[in-house]
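2 protein chains.
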Amino acid sequence: MNIQLALDRLSIEEAVSITRKVAPYIDWIEVGTSLIKEFGMESVRSLKRTFPDKKIVADIKTFDNAVYEFELCFSAGADIATVIGAAPLVSIEACLEVANRHGKQVMIDLLNTSKEQLDVLSKYEDVIVCAHLSKDQQERGGENGNSGLHVPSFPGKSVKVAVAGGITIDSFTKIIKEGNPHVVIIGSGITKADNPMDAAKTFYEMANQYKEHNHE
Amino acid sequence: MNIQLALDRLSIEEAVSITRKVAPYIDWIEVGTSLIKEFGMESVRSLKRTFPDKKIVADIKTFDNAVYEFELCFSAGADIATVIGAAPLVSIEACLEVANRHGKQVMIDLLNTSKEQLDVLSKYEDVIVCAHLSKDQQERGGENGNSGLHVPSFPGKSVKVAVAGGITIDSFTKIIKEGNPHVVIIGSGITKADNPMDAAKTFYEMANQYKEHNHE
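Protein chains in written order, with our numbering: chain A, 577 to 792; chain B, 577 to 792.
These aren't lab readings, by the way, just hints derived from the structure by calculation. In this text, a Cβ means the ideal position worked out from N, Cα and C, and glycines have one as well. Wrong hints could be hidden among the right ones.
Computed beta-carbon distance windows for the label pairs [as the list claims (entries may be wrong)]: (1) A:Ser690 <-> B:Lys768: 33 to 39 Å; (2) A:Ser690 <-> B:Ser587: 35 to 41 Å; (3) B:Gly742 <-> A:Gly679: 46 to 52 Å; (4) A:Thr626 <-> B:Asp695: 45 to 51 Å; (5) B:Lys597 <-> A:Asp702: 42 to 48 Å; (6) B:Glu647 <-> A:Tyr780: 30 to 36 Å; (7) A:Asn784 <-> B:Arg625: 47 to 53 Å; (8) B:Met773 <-> A:Gly679: 42 to 48 Å; (9) B:Lys768 <-> A:Asn784: 52 to 58 Å; (10) B:Ser734 <-> A:Ser690: 42 to 48 Å; (11) B:Tyr786 <-> A:Thr744: 34 to 40 Å.
Just chain A, with the same shape it has in the complex:
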């Protein structure tokens, strides 16, 4: 299990500063969509430059213009870039091609992806799919606002699963009991904590207890 720190609604300087404090306790660094849309690829470059040994996830949420956007991310130092599962299939396949060419990875964000689309996506191998309770669903309710987070399963496939969406110590416990996601994405649970380092350390220790218990 990897802990992915999601950096959102911050300046690049704040994002770097928080990440410095919590770096020993997290595995992957997500440059959030809000940083990319506010500051562009400089956000990805800064985080990779400061933390060259961490895996950098560019949450670019591609919906079109896939080759261009994924080339931007990988040129800026990203190791993984995200595409929306509800996007046209032709765009998702273009993302997979670019990632494959660079030896990088694709994370498919399943937010608002229909059952039919999910069936098509689940044929892909070597991708990470992200079950995602969105910020707006968390903050404003809405059609899926109360359904909570679950760890989806893709039996018999080499699909890796990520889980995201306002994860707290409580929901983290539920998630690691329910399944064994490859990635747990934590944003404000760390970045908005009174003490981000203590919060990150708590998640880290819980994940390690789980790993020891399950001989990961």
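Dock chain B against chain A, hints included.
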């Protein structure tokens, strides 16, 4: 009918330079998703600063975090910002609220929006919906690659229609014959033309002939 110049896959300097050449012949300026994701909100600020009298469309393609992203766009000087029609409804409604609060407008991008989602969206008034043949569908084919562009109709509603997707002189003729879209979005048909000014002037004169003929 308004002609919206879409600026994509360019540096901010190139975008400003091309827009200077064609400004007399276009109505709205779209800061493309690729500019926003590559350079952040500085792209929107630069275009608004240089062309304060033009309507600026920030093609931010919001899919989540709607309030934050729409506030970014309007603070940077955008008059219109875009949201993906396939996004969770809670996010689209948040975009409408923010735009309403600022006296600005929302353009809903219908790319890959299902019939069911479209039925829900068509209840909104005072929005612009954009029928969109995506870059990837144009360049790589795919499930909708050959279906071409059509002007959708929303009878009896105050929905305004925009049409986008690799529009050339030929498809422009088809579009203005087929319907009377509020906005026709033209990108590479102008920006990649041998002479962008001549290309923009041709579109402009065709639109004006249409307007005179129809007493617009």
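The hints, checked one at a time:
1. Between Ser690 of chain A and Lys768 of chain B the Cβ separation comes to about 35 Å, which falls inside the hinted range of 33 to 39 Å.
2. Here the CB-CB span from Ser690 of chain A to Ser587 of chain B is close to 37 Å, well matched to the stated 35 to 41 Å.
3. Between Gly742 of chain B and Gly679 of chain A the beta carbons are some 32 Å apart, a value that contradicts the proposed interval 46 to 52 Å.
4. Taking the beta carbon of each, Thr626 of chain A and Asp695 of chain B are about 47 Å apart, inside 45 to 51 Å as hinted.
5. Between Lys597 of chain B and Asp702 of chain A the beta carbons are some 46 Å apart, a value that agrees with the proposed interval 42 to 48 Å.
6. Between Glu647 of chain B and Tyr780 of chain A the beta carbon distance is about 34 Å. The supplied range of 30 to 36 Å therefore holds.
7. Against the hinted window of 47 to 53 Å, the Cβ-Cβ separation of Asn784 of chain A and Arg625 of chain B comes to about 51 Å, which satisfies the hint.
8. For Met773 of chain B paired with Gly679 of chain A, a C-beta distance near 43 Å keeps the hint of 42 to 48 Å intact.
9. A beta carbon spacing of about 54 Å between Lys768 of chain B and Asn784 of chain A agrees with the range 52 to 58 Å that was offered as a hint.
10. The supplied range of 42 to 48 Å is broken by Ser734 of chain B and Ser690 of chain A, whose beta-carbon atoms lie about 29 Å from each other.
11. Range check, Tyr786 of chain B to Thr744 of chain A: Cβ separation about 57 Å, and the 34 to 40 Å hint is violated.
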